[in-house]
Amino acid sequence: QKEVEQDPGPLSVPEGAIVSLNCTYSNSAFQYFMWYRQYSRKGPELLMYTYSSGNKEDGRFTAQVDKSSKYISLFIRDSQPSDSATYLCAMSNPGGTSYGKLTFGQGTILTVHP
Amino acid sequence: ETGVTQSPTHLIKTRGQQVTLRCSSQSGHNTVSWYQQALGQGPQFIFQYYREEENGRGNFPPRFSGLQFPNYSSELNVNALELDDSALYLCASSPWPGNYEQYFGPGTRLTVT
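From first to last, the protein sequence lines are chains A and B.
Counting in the numbering used here, the first sequence runs from 812 upward without gaps.
Counting in the numbering used here, the second sequence runs from 8 upward without gaps.
Honestly, I wouldn't trust all of these hints.
Claimed, not checked - Once the Cα atoms are required to be at most 20 Å apart in a straight line, the calculated DMTMM-like pairs of lysine to aspartate or glutamate come out as:
(1) K853(A) x D92(B)
(2) K867(A) x E89(B)
(3) K867(A) x D877(A)
(4) K853(A) x E108(B)
(5) K867(A) x D894(A)
(6) K20(B) x E108(B)
(7) K881(A) x E814(A)
Since the hints were made in silico from the structure, they are not lab data.
Input sequences plus hints: build the corresponding full structure.
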């Protein structure tokens with residue numbers, strides 16, 4: 812079993828839709844949770860990060876963490892064609908031996924069509 | 008753009024050869040991490056360098072090695088290349104070890120034939 816599971820999609824939605832992206836994880840030591848966006852042929856770009864459980868909002872993006880369920884989500888409101896990319900969740904355990912290591916999900920391919 | 012640069016952009020090598028990939032970290036960042044991203048997969052942590060020493064390693068064999076230089080730039084070396092080494096190799100810099108805010112470069116696409 813992978814430490815982080817993410818539905819690879821692909822996910823196709825019309826412009827203006829609300830998008831929900833999710834990851835589950837098995838390692839209860841994860842404390843920091845990140846979402847990256849990766850456009851084709853580019854490196855991942857950090858979108859948002861949260862520490863422990865709770866919500867965090869940034870413009871059209873909302874990140875949620877539920878540590879009791881080992882489940883994190885990213886919501887995109889009013890989705891735009893420019894949001895079309897692969898979305899990667901990532902997690903880190905600051906107390907581990909490789910505390911600089913990010914553990915990624917497989918990535919979800921999102922397409923927003925006009 | 009993150010300010011992290013990598014070279015070369017693309018590389019084609021033959022099985023059994025050796026390859027060196029290079030990374031320049033973002034200004035003010037002293038920590039560099041390397042990741043391997045196979046097609047359709049998320050990045051996998053190879054190792055991290057801080058103060059010119061390896062500071063944590065993922066599940067990769069010893070033929071994957073690295074260096075960090077006094078200016079914080081870094082190299083990833085892979086010996087005895089295998090077909091499965093074909094991937095996008097990503098470098099990420101951060102202001103200190105353990106910082107979850109890692110900023111990625113564009114990557115080097117390695118193809119092993």
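* **Pair hint outcome, K867(A) versus E89(B) [Cα-Cα no greater than 20 Å]** => violated, 43 Å
* Hinted pair K20(B) and E108(B), Cα distance within 20 Å -> violated, 32 Å
* **20 Å Cα cutoff - pair K853(A), D92(B)** => holds, 19 Å
* Below or equal to 20 Å on CA atoms is what counts here, so check K881(A) against E814(A). => With a Cα-Cα distance of about 11 Å, the restraint between K881(A) and E814(A) holds, given a limit of 20 Å.
* With a cut-off of 20 Å on the C-alpha distance, tell me whether K853(A) and E108(B) pass. => The given pair, whose Cα atoms are some 18 Å apart, holds under the 20 Å limit.
* **Given hint D877(A) paired with K867(A) - CA-CA distance at most 20 Å** => holds, 12 Å
* Given hint D894(A) paired with K867(A) - CA-CA distance at most 20 Å -> Holds, at roughly 19 Å.
Going through the hint list in order, the structure does not satisfy hints 2 and 6.
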